[in-house]
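Chemist: Given next are the chains, with one letter for each unit.
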Amino acid sequence: MLGKYFGSGRSGAFDWFFQRISGVALLITLFLHFWVLHYASEGPVTYQKVMARLVSPVWKAIDIAFLVFAVYHAMNGFKMIIDDYIHSAGLRAVLVGALWVLSIGFFGLGVLTIVTLKVQA
Amino acid sequence: MADIKVTVHKHDVVIVGAGGAGLRAALEASRVVNTAVISQVFPTRSHTVAAQGGVAASLSNVEPDDWVWHMFDTIKGSDYLGDQDAIEFMCRMAPEVVIELEHMGMPFSRLQDGKIFQRRFGGHTKDFGKEAICRTCAAADRTGHAMLHTLYEQCVKNQVVFYNEFFALELLMNEDHVVGVLAWDIANGGFHIFHAKATMFATGGYIRVYKTNSNAHINTGDGLSLSLRAGLPVEDLEFVQFHPTGIYGVGNLITEGVRGEGGYLLNKDGERFMKRYAPTVWDLASRDVVSRAMAEEMRQGRGCGPKGDYLLLKLDHIGADIIHERLPGIWELAYVFAHVDCTKEPIPVTPTAHYSMGGIPTNRYSEVVLGGMDKPEEPVKGFYAAGEAACASVHGANRLGSNSLLDIMVFGKVGGQKMAEFAQSLPEHVPLPENPGKKGIEEVKNLLNGTGGEMMGAIWDELKESMELNCGVFRTEETLTTQRTVLKKLCDRFKNVGIADKGLAFNLDLIETLELGHMLDFSKAIVEGALARQESRGAHYRDDYPQRDDEKWHKHTLAYMEEDGSIRLDYKPVRMKPLTVPTFEPKERVY
Amino acid sequence: MLKTVTFSVFRYDPEKDKKPYYKDYKVELRRPGMMVLDGLNQIRWEQDGTLAYRRSCREGVCGSDGLNINGVNMLACITHIEDLKDPIVVQPLPSMPVIKDLVVDFTDFYKKYYLVKPYLITKTPPPSDRERLQSPEDRKKLDGLYECILCACCSTSCPSFWADPDYLGPAALLKAWRFIADTRDEGADERLEIINDRDGAWRCHTILNCVEACPKQLNPTEAIAELKKTIIHRKF
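So the sequence lines, in the order shown, correspond to chains A, B and C. Residue 64 in the UniProt record's numbering sits at position 64 of the first sequence, and the numbers go up by one each step. Residue 159 in the UniProt record's numbering sits at position 159 of the second sequence, and the numbers go up by one each step. Residue 21 in the UniProt record's numbering sits at position 21 of the third sequence, and the numbers go up by one each step.
By construction, these hints were calculated from the structure, which means they are not laboratory data. The structure presented is a predicted model; accordingly, all values stated were derived computationally and were not measured. Take every hint as true, because none was put in to throw you off.
Dumping the calculated DSS-like pairs for lysine-lysine here, alpha-carbon to alpha-carbon at most 25 Å:
no., chain 1, residue 1, chain 2, residue 2
1, B, Lys5, C, Lys16
2, B, Lys10, B, Lys381
3, A, Lys79, C, Lys229
4, C, Lys18, B, Lys502
5, C, Lys26, B, Lys211
6, B, Lys445, C, Lys16
7, B, Lys439, B, Lys489
8, C, Lys140, B, Lys115
9, B, Lys157, C, Lys117
Just need the whole structure built from these sequences, with the hints factored in.
Modeler: What follows is the structure, encoded as structure tokens:
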């Protein structure tokens, strides 16, 4: 039992702290997203207007940051649930590993979408 | 029933009881020799945890103080029955043991300058009785809790060995040498022999034998009966302290610290009656004086309520802030047990059985001693006692408030040191006697296999009710003789007691029945001692002999139990010679 | 006739019973202000001697009789029968192995208490002949922390504690903060190292059951929050 309390491994301090930071960041970026979508443009929302915004490099940077926080926050939430309920170190390693694969996958897909976005002719 | 396993353990020192005295002794002894503590409950559940007001020491943090004044107050409080060498020893050592506690981490309340907070307490005075003094060091009104937890924390740090939830069954002796104890494993069942070079009883008091009391369920005086059954004496059991302020109807204690902080008692006319009984210090007289004054007020029809059977403790004038800061536990107790918000209304109180001054006779080194009027005291080899179970005798006929936490620290510490020295001086353990623990094992087996029809609860009810009625604040030859007969009958009924639970795991029925057996045994010593002592001294008040009689009775009672269970009384002189100061000769006690 | 209430008591004797069961008893209310412990004593002394439970001080300071009463953890000795809904369901503290009836095995709970080094750790020697000084303001920081009675009502009410058998739990963490908050203590580093662990402070999800359960009105959640803050401040 003692071994579990002393020694190596990630303590959870980072997870806990950045869950809060990413939470705050998401709160800001979500509101930003909402505001931009519904109130920021004049006149009817058209495909052209939206795409013009989304392909600008500044917006791509903002979206990637949004993506980082969202994926981190979601996956870290799952990790905490795993930490709460899975007590065998082996199974936990497998599940957290799977989470990593999923997160990287989602993150990759997201980045791909954002980066390769172009206005269709 | 299948045979129950007997396991033997060997330690240099074995301490029975994990209250303040036991843990303090364990801390000392375990530094030097292999030490184990046996406790009926997890250590922090021992009754020291309930002590409220504080621990006395002449630290002079609030006003100049002197250990000689403390010594005088203690001797006067004891109604001159206390042994003056032991009292000097304790009062001189008090500052040292309190400072040690602070160093161990005890969370004392603090004064503005950062020193330990001290408050006034009953019977503690300046300059030999001139006025009340701040001598009692406190952690709010949870001093015992803070102390016991601190001591246990230190034991954890020092890796002391504990056997928790073990119940002592028999003191083991080989010839005249104490060689350990037999105990019962409460949680799992099973006998355990603890073979030791030195054994200490720090088993606490016995006040559960009274119906209305301030004590925990575990305070059943087991150590006293185990000593009696081993042929050793107990001392001064007739001196039972009644604390002035137990909550009416239930007995839970309201600390004397309430009066130390400025609270006072009122009768039904709203009069501060204590001024008539103790013209100098009023409500801060010693406990026997205040309790008797209260009982007298109620006898004369000045008690409160429809039955006139309680008085009022007023403290709201101290102010809600101070109450919540210094007496938070009292506020809680009064609220939970008396439905009173004591920042607004007074608490209904009545004198309540609280503490036993008597116990297993020891000298100032916590060594259990034998002696008599003409026989000098001589230690029993390998046997020690400390705390409420022991009688050093620093409290004599009446203990001062906040001297008990001091008692357990001083005599726990010294006892621990002496046991370690003694254990080191013995090259080998003295062997166990033949058939060790035979009596204790039989006692348990008889109950587990028995078919007796008497319910333990019924006998116990009658015991505690009759003790309260006949052996309470006021006693007479008549009530005590009645009680002697009652006890005889109850003992006869107890021979036919049966338990419902025959299992081994956590058999509370078995434990409580064994405890009742203990209570019946030492109650006889209380009553016989009280009946013989034809005088009034300290907490022992005989309506038929209202004066103190130094000529005939300035001596300690020793009670032995004969083979047939009857009590034989003997006496020994009071040790009047202090260590370094002149003797305080008996004087009339006025507060 | 006296008013009675029904106690529905969890019973289990490992030597006899395959499964736990509940047994109903009638308890007479003989005086106002009777506590649940008085009810249990009445059952034991007058009706059924085989019932087992722990008790000692009967005034809420020794911490022996933490029980789950009508679904909430509390001390039997300071809980008024009159305040409870009839029938009163009395169970052992949740999530701990039962030894017999209402008596549970505290071994795991104590082990976690020992793990946080529950004693004053000092490196600077104290003054030789007097106490260390501590201002009343610094001493006040210990109020609400040092009063813990180790009754386990908090830890055994905590879903995180139920879910993760290795989680230190609110009682041990409160104890750790009691020492770290003590200006005399110099053991914060070693204690925080233990607490900054997957099974330490981070398993607390601010559920607040511990605060509700504590019979001494302490706030373990706040203590844990202080621990978390201290760790984060030191690390980031």
